[in-house]
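Sequence order for the protein chains is E and L. Per numbering that gives the first Met the number 0: the first sequence = residues 0 to 251. Per numbering that gives the first Met the number 0: the second sequence = residues 0 to 251.
Keep in mind the hints are simulated off the structure, nothing from the lab. Cβ atoms here follow ideal geometry from the backbone N, Cα and C, with glycine treated the same way. There's no promise every hint is true.
[Said to hold, decoys possible] Now the stretches of chain E that chain L is said to cover, found in silico as 3 or more residues with beta-carbon under 8 Å:
id, segment
1, 6-17
2, 77-85
3, 94-106
4, 195-202
5, 209-220
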Amino acid sequence: MKALLSILVAVILYELLARSGWFAAALVPTLPTIARTLWGMLGDGSMERHALNTLARVFAGLAAAALTGLVLGFLMARYRAVERFFSPLVSALMPIPSLAWAPVFILWFGLGNVATVLIVFYAATFPMLINTWTGARAVNTLWLRAARSMGARGPALFWKVVVPGASPFIITGLRLAFQRAWIAVVGAEMLAASAFGLGWVIFDAKEFLNADVMLSSLVVIGAIGLAFERLVFGSLERATVLRWGMVRAGRT
Amino acid sequence: MRFLGVAAPFLVVGALWEIVAQSGVFPPRLFPPLEEIAATFARLTAAGILPHHAALTLWRLAAGFAIAALAGVLLGIAMGRSRRAEAFLLPLVSIGAPVPGLAYAPLFLLWFGLGDSGSIVLVGFVALFPVVLNTWTGVKAVKEIWLRAAQTMGADDRRLFRHVILPGAAPYILTGLRLGLAQAWRILVAVEMLAAVPWGLGWLIFGAREFLNTDAMLAGIAMIGILGLALENLVFRPIERYTVVRWGMIAA
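Just need the whole structure built from these sequences, with the hints factored in.
This is the structure:
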């Protein structure tokens, strides 16, 4: 209730600012204008098409990143040699923002999906990798010993003890990876997408000073991000780590 | 021996790069050999071009981050101490935080102009969220018993703030600043590509694409990696050592 009130105040302030005439109406459109644009774009299906394109790119990059991060993370936690080889590379590559690679990827793979997905992949891999690696090392040694003394070997030990034990870290990694991927895809689409995508719409609208289109896409980007954070990762957490008793319920 | 262990992975990756570059599978313009990248790096550094780009990027980072740090800590403390500020600001912050900062980029460039002002405001805005959220959490996490103890010993509000609340919240505030700086860094490079600023590492990389100067692009990326590592090791580790570790808030 209080939350609604403060949002309402902010909305009214914006509306007053937009109607005050201090700024050009094209730059600071009023809320009804934004709502009408958003409705129109949803109505003719163009907004859905942009959103689907963006989501497809995010999932392609995120899936590849999750796979790479999981496999490499577990291998690094299990084998000293793998850890020693990859950890310096990871710490050297991690501080480079994924979007810095955008021009290089564009040059190598051309404008379009390959470059965009690669940028998303680069952004999402590191949080996934670091969290899997940390999580697998953080598995209680007591559990490992207990499982071993009860005769668990190889695959059973891995699937029944290490994976559930590392799962809180892995879920956090996936969550972070999605956040990074979501930021990266918007930037990548601005720089590298040739047509379609929410980032591309925003950037394209700037050329024509269509601030209403930009703000409409911004609303959609925010809504999708929030929906994923709340619905997808929330239920993922409930289905895995909460059910396995790895973290206690009642936090959120 | 230790040095060799860290250097080995880079040697292997470097050798692979060199083999691919020399094999002629890709045109050398697009996939230059390492010695060419190193030569370009040395040449651009000696000519003062690379340092100039780096200095301007760092200046924008510092300016944007300073805005975020100042405003973020103040807002966070206000939210932590005052019910009313919390009730008003928290919903707005929680809505704004998950929207990818880059999505605002074209809008901010439209509102605040291309070049320095737009990019600095955007970087500050993006870095603001983690600082606010962490400062708020930190102030709320100060133990009630410390406050009461200080109050019974006669601390007035100013002293309470300076000697209890601030040190108590410091680990969280530092975490927030660190996250904020990391986000600012990730976004700044992309913003420089979009904002058409005449100098800056992002612009260097993006501009070099037009002339197929892949060696200059990769030299720029190397510089970004070096600066990113330096930020982490030369800025944050020492700050942490001098403040929270010395105050005994976290173990060294």
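Evaluated hints:
no.: 1; hint: 6-17; in the structure: holds (count 3)
no.: 2; hint: 77-85; in the structure: holds (count 3)
no.: 3; hint: 94-106; in the structure: holds (count 12)
no.: 4; hint: 195-202; in the structure: holds (count 4)
no.: 5; hint: 209-220; in the structure: holds (count 6)
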